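Visitor: Given next are the chains, with one letter for each unit.
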Amino acid sequence: MGRPDGPRDGESTAGTRTDGGVADETAAGDLPDAAAGAASPLARLRRSEFVQSIPFWGPPGLLVLVFVYGAVGWNFLISLTGWQGLGQPEYGDLSLGAYRRLFEDPSFAAAFRNTAVLLLLFTVLSLLLGLALAILIDRDIRFENTIRTVYLLPMSLSFVVTAIFWRWMYNPVDGLINEAIRGVGGAVDAVVFWTAVDFGVADALTQAWISDPRFKLYAIIFALMWQFSGYCMVVYLAGLRAIPTAQYEAARIDGASAVRMYLRVIVPQLRASTMSAAVVLMVFALKAFDFLFVLFGVNPGESADILSVMMYRVAFDRRQWAYGAAIAMVLFAMALSVIGPYLYLQHRRGDL
Amino acid sequence: MARLELDSVTKRFGDGGDAVVAVDDVTVEVPDGEFLVLVGPSGCGKSTTLRMIAGLETVTDGEIRLDGSRINDQPPAQRDIAMVFQSYALYPHMTVRENMRFGLEESTDLPADEQNDRVESTAEMLDITELLDRKPGELSGGQRQRVALGRAIVRDPAAFLMDEPLSNLDAKLRSEMRTELQQLQADLDTTTVYVTHDQTEAMTMGDRIAILDGGELQQVATPLEAYHRPANRFVAGFIGEPSMNFVPAAVEGGALTARRATAGDAFRYPLPAAAADAVDDGTDVTLGIRPEDIVVDAVDVDPDHAFEATVEVVEPTGSENVVHVELAAGPSVVATVDGLQQVRAGETVSVGIPGDAVHLFDARSGSALHSRSLDSVDLESRRVRP
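Residue numbers (the working numbering), protein chains in the order written: chain P, 1 to 352; chain W, 353 to 738.
So that you can see chain W by itself, here it is in the shape it has in the complex:
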């Protein structure tokens, strides 16, 4: 039960000229009970941010507040937080029961029988009662994961911090645990900060996601908002799999023109009115289009937005085919089509890029100039709440 605030939090390693800025002026507010996912590529500062909240790293600048009170200088023990580590960090010489009780023994004055009660009930909730007297070395990866969760939950902290807790599990177990963890967090209604580099986890689990790159916060938004209304080119490319196609182009008279090296007709894309209004003539922009919005073998697409293309590679995944096509007019793009649609490498197809699905980004700064139009998507919708 707590509201967690990061206020212009900065972390520099080293000092003077060789200082490395790991986290640069990050401001996020996590309301009580929210599941916030910190996501970004390796080295983006997400783990450092989490470790600062945990108290394992000092904060160079800025303030971290838990329920309004500053916790920058408190040692980890006094912060009323629990953390789940990527490697689980279970104590190998203790049984599961002792592992789970350790935090209670060290950080609370609860009488022994109440400690035991809490361990038992948490174990029951996680369905690990029969493992209580085993040592971590005798458990499977999934069981260890549960014990690590149990060790955090049993302390009933103000906030959970999770550092890539699912990355050591195999794919099937990971998706199971993903669902379970969401449900668990929703039931406990405890503020949670979850770090991952996996954008699928970020999209599916978070109430909101905070996308970091190079230590800087790029966007904090609900998953759908980040997907459909990315704040900049980095977010657009990072969220979504396969990632968004980008075509560098220039605006010329309400249309986009891509320069190309070889002779022939240049790629020319007439912009719909809404998009054309967002950009000035003569500026350099980046056209963004999600693979699933591209129509391959288009019949009912506006002929202005249909292009002749050659299929280079087809990657079938079963439910869909990932198709790499090279437009006759230049750029190569990736499209996903229905798994039952027959597309063969080498074929010449007509590729449609619908006007209402395009994103435009400033070529230099990368910030979004225009996002796709949406009719009826509730960007704020939550997925787990009862």
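Just chain P, same shape as in the assembly:
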């Protein structure tokens, strides 16, 4: 212990041993070894930060590796087997049959298209609505906290709950939306045509929102937007708060109108907020399963079918395990194509 090297080395070995339960048998021979030469590769390895940090990231890393990436890999393997019905998959005979079948399946094409529409429309509309709300709320209004909470609240509700809410809202007979249209439409009839006769303005506008194939998907997008625009608003609000007031003032002095000031100076500075909110929304849109499942069960019909519902239907309702696994791989690839660029950009900017 009198040697300058001794205490530090002993300490680090003890640390490794207590934390990770490794290097037990080497501990006894450790001190002479270190004294023999700090250059000894074994000793250097033991002192390196990489080895010493293993106890901290090792176990969680291993769990993720097995249960996430391992499961993804196993799922891919299953998608190659042609496994269906009861029984066990046969790993001896692998083929891309399930994927070939995807391209020929019209219901997959419909589900894929719906998923893409949902992904894009839902994300873009929620972002726009959230941005508009954030800009309005950022203007030093009264009751700002209350209003912010009101907008954010839907986000805290379970999707099962909101789906049931919206099923009531969209009810064609006594749902709130059609009732409101009838009320306003009746008033329009009465005012515009000066008569109590029903000219059908209301009837033309009331619809069976979630049964009619023309509106189904858009009714779902609208309901999801209601739930998620509050989240976008909060993300944007944080971004807006980070922009100094001098930026607004400089733009005003430079002669920009309010609209052009926001378009050219403020909104471009919200790129980071847009990116992170968009990624969250898109990933959610890909797995918007519970909302549809509560509304329609396993079969929403071709006009509202999305990949996550189709995957569940194929795998757990029809027990075509391999085909379901193939759809899952498509979903996985889509999610990866959303997350990948984001992670890459973050990495390049040094945020990771």
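Just so you know, the hints here were simulated from the structure itself, not pulled from any lab data.
Errors might be hidden in some of the hints.
Just a few of them, taken from the derived set where beta-carbon distance is under 8 Å, the chain W residues facing chain P [unchecked claim]:
| id | residue |
| --- | --- |
| 1 | Ala406 |
| 2 | Val411 |
| 3 | Gln426 |
| 4 | Pro428 |
| 5 | Ala429 |
| 6 | Ala434 |
| 7 | Met435 |
| 8 | Phe437 |
| 9 | Tyr443 |
Quick list of simulated restraints, FRET-style, between CB atoms [to be verified]:
| id | chain 1 | residue 1 | chain 2 | residue 2 | range |
| --- | --- | --- | --- | --- | --- |
| 10 | P | Arg349 | W | Asp539 | 37 to 45 Å |
| 11 | W | Asp485 | P | Val160 | 32 to 40 Å |
| 12 | W | Asp461 | P | Ala238 | 32 to 40 Å |
| 13 | W | Asp461 | P | Tyr342 | 35 to 43 Å |
| 14 | P | Val117 | W | Glu466 | 26 to 34 Å |
| 15 | W | Glu490 | P | Val51 | 36 to 44 Å |
| 16 | W | Glu664 | P | Arg349 | 53 to 61 Å |
| 17 | P | Pro244 | W | Val674 | 32 to 40 Å |
| 18 | P | Ile147 | W | Ala371 | 45 to 53 Å |
| 19 | P | Val160 | W | Ser492 | 54 to 62 Å |
| 20 | P | Ala238 | W | Glu490 | 24 to 32 Å |
| 21 | W | Ser717 | P | Ala238 | 46 to 54 Å |
| 22 | W | Glu490 | P | Ser156 | 37 to 45 Å |
| 23 | W | Asp485 | P | Gly97 | 48 to 56 Å |
From a predicted model like this one, the values you see are computed outputs, not experimental measurements.
All residues carry an ideal CB built from backbone N, CA and C; glycine is no exception.
For chain P, the structure is supplied; the task is to place chain W on it using the hints.
Guide: Coordinates of chain W only, in the frame set by chain P:
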């Protein structure tokens, strides 16, 4: 090219009983091409005044005129003014070129190639041509400062407004930019209102300075006039570093007497004739004397105006020593002496307060009763003009 007038401009925040008056009845005229510095301590209303001229704050009362026409109700965009912000407020997502062109795009109908020409020539003038394609985040503080100036200059406005533009720079860069900014303003000959809390900047840069305190205008004068002929005690204390010494005293038979708490001879200062004429016997006044006018270790001072004193602290700055002395007769004063003059703490020295350098202020209102006599100082002299 414009004459800027503030006519009884008042700004109140809030209304009714809790209204806070930020700017109170300020009247200043800035002739075409003048560099006016608004100076005062924090919270004196100088920034609010500037923001009212810019159109970022509404005017509660009074009128702001640019070349004779009232601009109170015009939005900032229509006022033909450019502003440099303390934080520069460069748009981080645009390159320097886009930053400078933004104002031209938004406020003029110039064709694109002329906009580019103006950006290029302004950049050349400020020596930032090689920065044009970088973003503000890649620039140093001094470079950002130049870009912020360029963004104002490129619009060729009727007036520049600058809100403490140098306060984010380090000391060396600040004094360089100070000189450059003066030269630039003199070359462009554009009416400029410059806000600062730094009295050195005010003294060195302004054609005239307007000193504000508590929202009220204290004095508008050339820097030397404000220095040598301060309108009141606040101006006298604010302008000059270290600031003027003040000794409260009463006038008794042509001399000043300071009351003192402890026993012993009271401080007694016989007034020269000119000063004695300015005050009535028996009134309370404040004696003001600038540190550099005090002579330490006096040999050739009128014995009436020499006092025995103990040196308490010596602060050497190299070129001069700031000496804190306590007069045997009571008051403590600060004096500056030549940096090579040997003064040691604890020494007993003779301190001279020359009669022609004293200022007298009314003890209650603070307004100047008598200013120092001057032989040959041109108070109106300008420092930059070709």
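Visitor: Is 46 to 54 Å right for how far apart the beta carbons of serine 717 of chain W and alanine 238 of chain P are?
Guide: holds, 52 Å
Visitor: For the restraint on glutamine 426 of chain W, tell me whether the closest CB of chain P is nearer than 8 Å.
Guide: violated, 12 Å
Visitor: Within 53 to 61 Å or not, the Cβ separation of glutamate 664 of chain W and arginine 349 of chain P?
Guide: Holds, at about 57 Å.
Visitor: Mind checking the CB of alanine 406 of chain W against every CB in chain P and telling me if the closest is under 8 Å?
Guide: This hint holds: alanine 406 of chain W lies near chain P, its Cβ roughly 6 Å from the closest one there, short of 8 Å.
Visitor: For glutamate 490 of chain W and serine 156 of chain P, compare the CB-CB distance with the range 37 to 45 Å and indicate the outcome.
Guide: holds, 42 Å
Visitor: Regarding arginine 349 of chain P and aspartate 539 of chain W, is the given constraint of 37 to 45 Å on their beta-carbon distance met?
Guide: Distance hint for arginine 349 of chain P, aspartate 539 of chain W holds at roughly 41 Å.
Visitor: The hint says 32 to 40 Å between aspartate 485 of chain W and valine 160 of chain P; measuring C-beta to C-beta, is that right?
Guide: Violated: the Cβ-Cβ distance is about 54 Å, outside 32 to 40 Å.
Visitor: Falls inside 35 to 43 Å, the C-beta gap from aspartate 461 of chain W to tyrosine 342 of chain P?
Guide: holds, 41 Å
Visitor: Is the gap between the beta carbons of glutamate 490 of chain W and valine 51 of chain P within 36 to 44 Å?
Guide: For valine 51 of chain P against glutamate 490 of chain W, whose Cβ atoms are near 39 Å apart, the range 36 to 44 Å holds.
Visitor: Between the beta carbons of isoleucine 147 of chain P and alanine 371 of chain W, is the distance compatible with 45 to 53 Å?
Guide: violated, 28 Å
Visitor: With 8 Å as the cut and Cβ atoms as the points, is alanine 429 of chain W at the interface with chain P?
Guide: Holds, about 4 Å.
Visitor: Taking 48 to 56 Å as the hint, is the beta-carbon distance of aspartate 485 of chain W and glycine 97 of chain P inside that range?
Guide: holds, 55 Å
Figure legend: structure checked against the earlier numbered hints; hints not met, in rising order: 2, 3, 11, 14, 18.
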